[in-house]
Amino acid sequence: RGGACAHSGGKMASTAAGKQRIPKVAKVKNKAPAEVQITAEQLLREAKERELELLPPPPQQKITDVEELNDYKLRKRKTFEDNIRKNRTVISNWIKYAQWEESLKEIQRARSIYERALDVDYRNVTLWLKYAEMEMKNRQVNHARNIWDRAITTLPRVNQFWYKYTYMEEMLGNVAGSRQVFERWMEWQPEEQAWHSYINFELRYKEVDRARSIYERYILSRALAVLVLVHPEVKNWIKYARFEEKHSYFAHARKVYERAVEFFGEEHMDEHLYVAFAKFEENQKEFERVRVIYKYALDRIPKQDAQNLFKNYTIFEKKFGDRRGIEDIIVSKRRFQYEEEVKANPHNYDAWFDYLRLVESDTDAETVREVYERAIANVPPIQEKRHWKRYIYLWINYALYEELEAKASKRTRQVYQACLELLPHKKFTFAKMWLLYAQFEIRQKNLPLARRALGTSIGKCPKNKLFKGYIELELQLREFDRCRKLYEKFLEFAPENCTSWIKFAELETILGDIDRARAIYELAIGQPRLDMPEVLWKSYIDFEIEQEEYEKTRNLYRRLLQRTQHVKVWISLAQFELSAGQGERLQRCRQVYEEANKAMRSCEEKEERVMLLESWRGFEEEFGTDASRERIDKLMPEKIKKRRKLQAEDGSDAGWEEYYDYIFPEDTANQPNLKLLAMAKLWKKQQQESEAAAMDPDKDIDESQT
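So for the sequence shown, this note's numbering puts the first residue at 9; every next one is plus one.
Treat the hints loosely; a few may be bogus.
To be verified - Here are the simulated DSBU-like cross-link-like pairs (lysine-lysine), alpha carbons at most 30 Å apart as the crow flies:
1. Lys418 <-> Lys440
2. Lys172 <-> Lys81
3. Lys254 <-> Lys319
4. Lys473 <-> Lys434
5. Lys650 <-> Lys693
6. Lys104 <-> Lys172
7. Lys113 <-> Lys81
8. Lys393 <-> Lys311
9. Lys642 <-> Lys614
10. Lys653 <-> Lys614
11. Lys263 <-> Lys327
12. Lys94 <-> Lys113
13. Lys546 <-> Lys614
14. Lys94 <-> Lys81
15. Lys319 <-> Lys287
16. Lys293 <-> Lys214
17. Lys471 <-> Lys440
18. Lys440 <-> Lys493
19. Lys606 <-> Lys576
20. Lys606 <-> Lys647
21. Lys254 <-> Lys172
22. Lys473 <-> Lys546
23. Lys138 <-> Lys243
24. Lys650 <-> Lys689
25. Lys287 <-> Lys311
Simulated from the structure, these hints should not be mistaken for lab results.
With the hints as constraints, model all of the structure from the sequences given.
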């Protein structure tokens, strides 16, 4: 029974729970944000626009008797006190409370409120100012002095207290008291404006000496600050000097500027100081002093910090200087530009050239040498000749300057020797440097040193130009034995140099040693490798012709034809035979042409054969008979146009090309082609005649009747 009851009881409970259903949570199908978003700022703005939170103004009260007034005061004081009690640190509540008491002429109560507020926050500047203003407004001068004294003692770094305190004393006519306050203020080493306020105060009462003493104290105090902070303030010295100038104490002003220049020295030079100093001297008509000041500053101030100095100096010279002074300014400016360029890139040799050209035009020798030394110190970092080509001219110009401008032959020799020691002769050299050095020594009448230099150059780094220069030198000195030795060395060094062989042979020819010259030519043409063999052979042939050795000349031509069958050699041989001056010259010349024509039948270059035949035809037209002319005309080839297929580099077709070909009547291989060509020409002629007959048949009838 108990189990059944329990079971039935549980069933009833579940039924009761089934009647109290739990509400379902609403399901939001669209969870995307709404198109119009409402923010808190928008709600506040709409409330402001609708003025929902504005309270109506309190009704105006009219106090009619003393009791009502006292009641009003009591309520207002209670309100202020409650506000102060809630938050003592809000100084505006104290100030409003004190100002309300002041409006009721309750000065003692207002003073008490300010004192209570100062106990809360004595660092609040506004509180002190309002307190003092209240006392001054109510003509409580001693109270105001007391407040200002307490304020500047408590907060001495608040400049506003000092300004207002001194202004109050000055307005009261208490000049001594105001000066005393200023003195107390200056003990705290205030900012710049405070000192100027003190100076202006003294000047308002015509106390120039006192103002000068204040300036002295001021710049000395700033000088101590400079020593500590390392931050020069030039403007203070300039203001002091202008103060002296304004009051016509020009000697004092100049002394101030001089003291400033001495004080800052060369470590902290400022262009503004020198510009102001120069303008002062300009106003005093001391133009030489101005020029000295500008030049002194420009020589010592870094160029990038002297732009304003340059500008003012230029204006001064244009106003009071001559042409020379203006040019000096321009030169100084350009020098600065070149200094910047070479500083940015020391290996910019073009900039060094421009700089040196400028310096050489108007500077002493020591300065020029210094710039040259700086320039040549920038040796190219890579030992490749292309990087040294511009650099070497710095040394050349340096040496020429020392020789021609400075007239210092000893230094010139040192420059040349230093340059030659610097060059890496094992990798490359500059022949012009050796030759210039040798020419310099000759100008100094020191021939052994010149020969020693050129001999050293040939031993260290032989070059064609060095040999040629050395040989030319010895030729000018008429030292022919030395020339022979040099040519021998030269040809051992470069046996393929045809020009050297020719010059050597010409030298021997000039000296009258024909056999020696002929031997040199024989040695030359026997060399296995030559750079210009045709020039050498021509020179040898011309040599033999000049000596009227015609048989030897013919032998030379034959030896040359064994090496080459070039058409120009045959033509030259024919012309030689024609000009030989012998009785059988025409027959010999014609034989040469015949032989050349036979020899060149197998030549692949048909243009050369055509050139030979044209030369032969020219000879026959001048010296030949009608039969010989007719014969040479029969030998002339036919010029025909042909086409050939072209191929690109990748093997693809590149189209067709037209060219001219020559067909010679003598070539038996080309006889069928000539017959075919003749038949083609005959057929073309017949075709033209038939076309003409078809165009004009009447003409044919008339011709047949006639």
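Here is what the structure says about each hint:
1. Using a Cα cut-off of 30 Å, the hinted pair Lys418 and Lys440 holds, with the two alpha carbons roughly 20 Å apart.
2. About 33 Å separates the Cα atoms of Lys172 and Lys81, which puts this hinted pair outside 30 Å; it is violated.
3. With a CA separation close to 25 Å, the supplied pair Lys254 and Lys319 stays within the 30 Å bound.
4. Distance check on the hinted pair: Lys473 and Lys434 sit about 17 Å apart at the alpha-carbon level, within 30 Å; holds.
5. Of the supplied pair hints, the one linking Lys650 and Lys693 holds, its CA atoms being roughly 21 Å apart against a limit of 30 Å.
6. Restraint check for Lys104 and Lys172: satisfied, since their Cα atoms lie roughly 22 Å apart, inside the 30 Å limit.
7. Of the supplied pair hints, the one linking Lys113 and Lys81 holds, its CA atoms being roughly 13 Å apart against a limit of 30 Å.
8. With a C-alpha separation of about 35 Å, the suggested pairing of Lys393 with Lys311 is violated against the 30 Å cut-off.
9. At most 30 Å may separate the alpha-carbon atoms for a hinted pair to count; Lys642 and Lys614 meet this at roughly 16 Å.
10. About 20 Å separates the Cα atoms of Lys653 and Lys614, which keeps this hinted pair within 30 Å; it holds.
11. Between Lys263 and Lys327 the alpha-carbon distance is near 26 Å, which keeps this suggested pair within the 30 Å criterion.
12. The suggested pairing of Lys94 with Lys113 holds, with an alpha-carbon distance near 26 Å, which does not exceed 30 Å.
13. Proximity of Lys546 to Lys614 is assessed by CA-CA distance (about 25 Å); at most 30 Å being required, the pair is judged to hold.
14. The hinted pair formed by Lys94 and Lys81 meets the criterion: a straight-line CA distance of about 20 Å does not exceed 30 Å.
15. For the proposed pair Lys319 and Lys287, the alpha carbon gap of about 13 Å is at most 30 Å, so the pair holds.
16. With a CA separation close to 29 Å, the supplied pair Lys293 and Lys214 stays within the 30 Å bound.
17. At roughly 11 Å between alpha-carbon atoms, Lys471 and Lys440 fall within 30 Å of each other, so this suggested pair holds.
18. With a C-alpha separation of about 22 Å, the suggested pair Lys440 and Lys493 falls inside the 30 Å cut-off, and the hint holds.
19. Of the pairs offered as hints, the one joining Lys606 and Lys576 holds, with about 15 Å between alpha carbons and a cut-off of 30 Å not exceeded.
20. For the suggested pair Lys606 and Lys647, the alpha carbons sit about 20 Å apart, so the restraint of at most 30 Å is met.
21. Proposed proximity of Lys254 and Lys172 is supported: the alpha carbons are some 29 Å apart, at most 30 Å.
22. Of the pairs offered as hints, the one joining Lys473 and Lys546 holds, with about 24 Å between alpha carbons and a cut-off of 30 Å not exceeded.
23. Annotation: proposed proximity of Lys138 to Lys243 is violated, straight-line Cα distance about 36 Å (limit 30 Å).
24. The hinted pair formed by Lys650 and Lys689 meets the criterion: a straight-line CA distance of about 16 Å does not exceed 30 Å.
25. This hinted pair checks out: Lys287 and Lys311 have alpha carbons roughly 20 Å apart, not beyond 30 Å.
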